[in-house]
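A.B. asks: Protein chains in written order, with the numbering used here: chain A, 8 to 357; chain B, 4 to 106.
No lab work stands behind these hints: they were computed from the structure.
Any given hint might turn out to be false.
Each computed SDA-like pair below joins lysine to any residue, with the alpha-carbon atoms no more than 20 Å apart [as the list claims (entries may be wrong)]:
(1) A:Lys330 x B:His79
(2) A:Lys333 x B:Met81
(3) A:Lys159 x B:His79
(4) A:Lys187 x A:Asp66
(5) A:Lys186 x B:Leu37
(6) A:Lys175 x A:Arg135
(7) A:Lys187 x B:Val28
(8) A:Lys166 x B:Asn9
(9) A:Lys186 x B:Ala49
(10) A:Lys330 x B:Ser80
(11) A:Lys187 x A:Lys159
(12) A:Lys207 x B:Gly33
(13) A:Lys329 x B:Asn9
(14) A:Lys330 x B:Leu37
(15) A:Lys159 x A:Asp66
(16) A:Lys187 x A:Lys333
(17) A:Lys166 x A:Arg135
(18) A:Lys329 x B:Gly83
These numbers were taken from a predicted model, which means no experiment stands behind them.
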Amino acid sequence: MSNGQCCRTSSSAGSSAAVIRVSAGLTVADRIGAFRVRWGIGRMRYRVEPGLYALGSPDADSEVLVTANYKLSFDTLRSALNGGDYWILVLDTNAVNVWCAAGKGTFGTAELVRRIETVGLTGFVNHRRVIVPQLGAPGVAAHLVREQCGFKVVYGPVKASDIPPFLKAGRRADPSMRKKTFTLGERLAVVPIELVAAPKFLAPVVLLIGAIGGLTGSGDFLENAVKSGLTALFAVLAALLAGAVLTPALLPILPGRSFSAKSLLPGIALGVAVVILRAGARDGWRFLAESAGLMMIVASLGAFLAMNFTGASTYTSPSGVKKEMKLGLPLQAGAAVVGLALWIASQSTG
Amino acid sequence: MEYLRNVTSLSLDPSLCNGCGMCAVVCPHGVLFLSRGKCVIRNRDACMECGACAVNCPPGAMKVNPGVGCAAARLHSMVGLKGVCNCDCTSPCESSMEAPPSG
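Can you make the complete structure from the sequences, with help from the hints?
C.D. replies: What follows is the structure, encoded as structure tokens:
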């Protein structure tokens, strides 16, 4: 999906043939596109052409705002600038958002300097200033950009929606505009992508438990396999809800600092729910073994899923993740194995 | 929100700091401040090692091992898979965890 079809763009006639005109308003197609990429559909193809765009009727004194060629980034920027006249300089980041691309250096000093030169920015503006999103800073060395092409990098606010007040205040951001938040809405926005990614390793878990149940149960293989598979499906869905939905949603109020620790409360709660669903299916020690086994499976899978949510969060460090995994992975694996063993034992007849 | 305590690789050599304040501008978690013309690290445990301060420190006073705090990226690289992240990644995440951003 290149621009053109989706952003109501058209090459400007007249003097500046290199410039693409674009509107600030988002169309229904833009909104559907945003929904789709949140669910992981066609994400890597959601791009716009790198280059210089004219929003409204910018002139030689208008500000130049820099962004990535991920269409969601571009759309967020242009809709935040509704009603103004600006230049938008789109860098080639392989359709990756500003922050992630900055971490890899594709949204970086070299690409910014190259893009300023290839679009001939000095021919469009009198000033020598570009406004770069603050989250682009991990890739952009402001002092090197100035050294290499004469343009001063002014770091804009974290959020595009703060750009109008930032500009109004004389390109000054108050401290709250400089902080990356992780609000409930922001957390829920990244939940779908986790849900879409999870089945590829959860499905084998269900099949494995189903097969084990089929082999160890008393009656017919298929009948037992389906029964066990259904129990496993409940357990896996409970873990998914605990680790990939409830933990992200309740993140700030859950006890603990590591994501695995935070997931324990939802994991145990959902584990209890699965046990209640199974109540009456077994009795005596088998009931206890099955309950403990299911609880351990739900809690360990939930913790693993919650740990994977670190990548979607906005505040975890690689050093921290390394530490969490070093302790968390063996515990999760151990609990899963013990849980599975208890559950297999509970299926025995005797 | 803060992640684990006492883990960040962030360090500052005050003798090199020229007080430009760029690190405090780019830090997304309010870790860095200017005090009496020099940078100070204030909320150390809020650092996510994004690398913005070090990249934007002209005299090289600020140092950090930058990368993404992503368990999936680590897992993928542990089992030898690269660039199959569950995010916007097209290039291997692990490579950006080991090497500072270019440029």
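A.B. asks: Does each hint fit the structure? Answer for all of them.
C.D. replies: Outcome of the hint check:
A threshold of 20 Å between alpha carbons decides the hint, and for Lys330 (chain A) with His79 (chain B) the separation of about 16 Å falls inside it, so the pair holds. For the hint pairing Lys333 (chain A) with Met81 (chain B), the CA-to-CA distance comes to about 12 Å; that is within 20 Å, so the pair holds. Between Lys159 (chain A) and His79 (chain B), the direct Cα distance comes to roughly 39 Å. Violation of the 20 Å bound is thereby established for this hinted pair. Proposed proximity of Lys187 (chain A) and Asp66 (chain A) is contradicted: the alpha carbons are some 32 Å apart, above 20 Å.
Our distance criterion of 20 Å between C-alpha atoms is met by Lys186 (chain A) and Leu37 (chain B), whose separation comes to about 16 Å. Simply put, Lys175 (chain A) and Arg135 (chain A) have alpha-carbon atoms about 19 Å apart, close enough for the 20 Å limit, and the pair holds. Annotation: proposed proximity of Lys187 (chain A) to Val28 (chain B) holds, straight-line Cα distance about 12 Å (limit 20 Å). Between Lys166 (chain A) and Asn9 (chain B) the alpha-carbon distance is near 29 Å, which puts this suggested pair outside the 20 Å criterion.
For the proposed pair Lys186 (chain A) and Ala49 (chain B), the alpha carbon gap of about 11 Å is at most 20 Å, so the pair holds. With a C-alpha separation of about 16 Å, the suggested pairing of Lys330 (chain A) with Ser80 (chain B) holds against the 20 Å cut-off. Only pairs whose Cα atoms come within 20 Å are accepted, and Lys187 (chain A) paired with Lys159 (chain A) is rejected, the gap being roughly 23 Å. Restraint check for Lys207 (chain A) and Gly33 (chain B): not satisfied, since their Cα atoms lie roughly 38 Å apart, outside the 20 Å limit.
Using a Cα cut-off of 20 Å, the hinted pair Lys329 (chain A) and Asn9 (chain B) holds, with the two alpha carbons roughly 13 Å apart. Among the hinted pairs, Lys330 (chain A) with Leu37 (chain B) is inconsistent with the structure: their alpha-carbon atoms are about 30 Å apart, more than 20 Å. The hinted pair formed by Lys159 (chain A) and Asp66 (chain A) meets the criterion: a straight-line CA distance of about 19 Å does not exceed 20 Å. With a C-alpha separation of about 27 Å, the suggested pair Lys187 (chain A) and Lys333 (chain A) falls outside the 20 Å cut-off, and the hint is violated.
Our distance criterion of 20 Å between C-alpha atoms is broken by Lys166 (chain A) and Arg135 (chain A), whose separation comes to about 23 Å. A distance of roughly 17 Å separates the Cα atoms of Lys329 (chain A) and Gly83 (chain B); the hinted pair therefore holds under the 20 Å criterion.
The structure shown violates the earlier hints numbered 3, 4, 8, 11, 12, 14, 16, 17.
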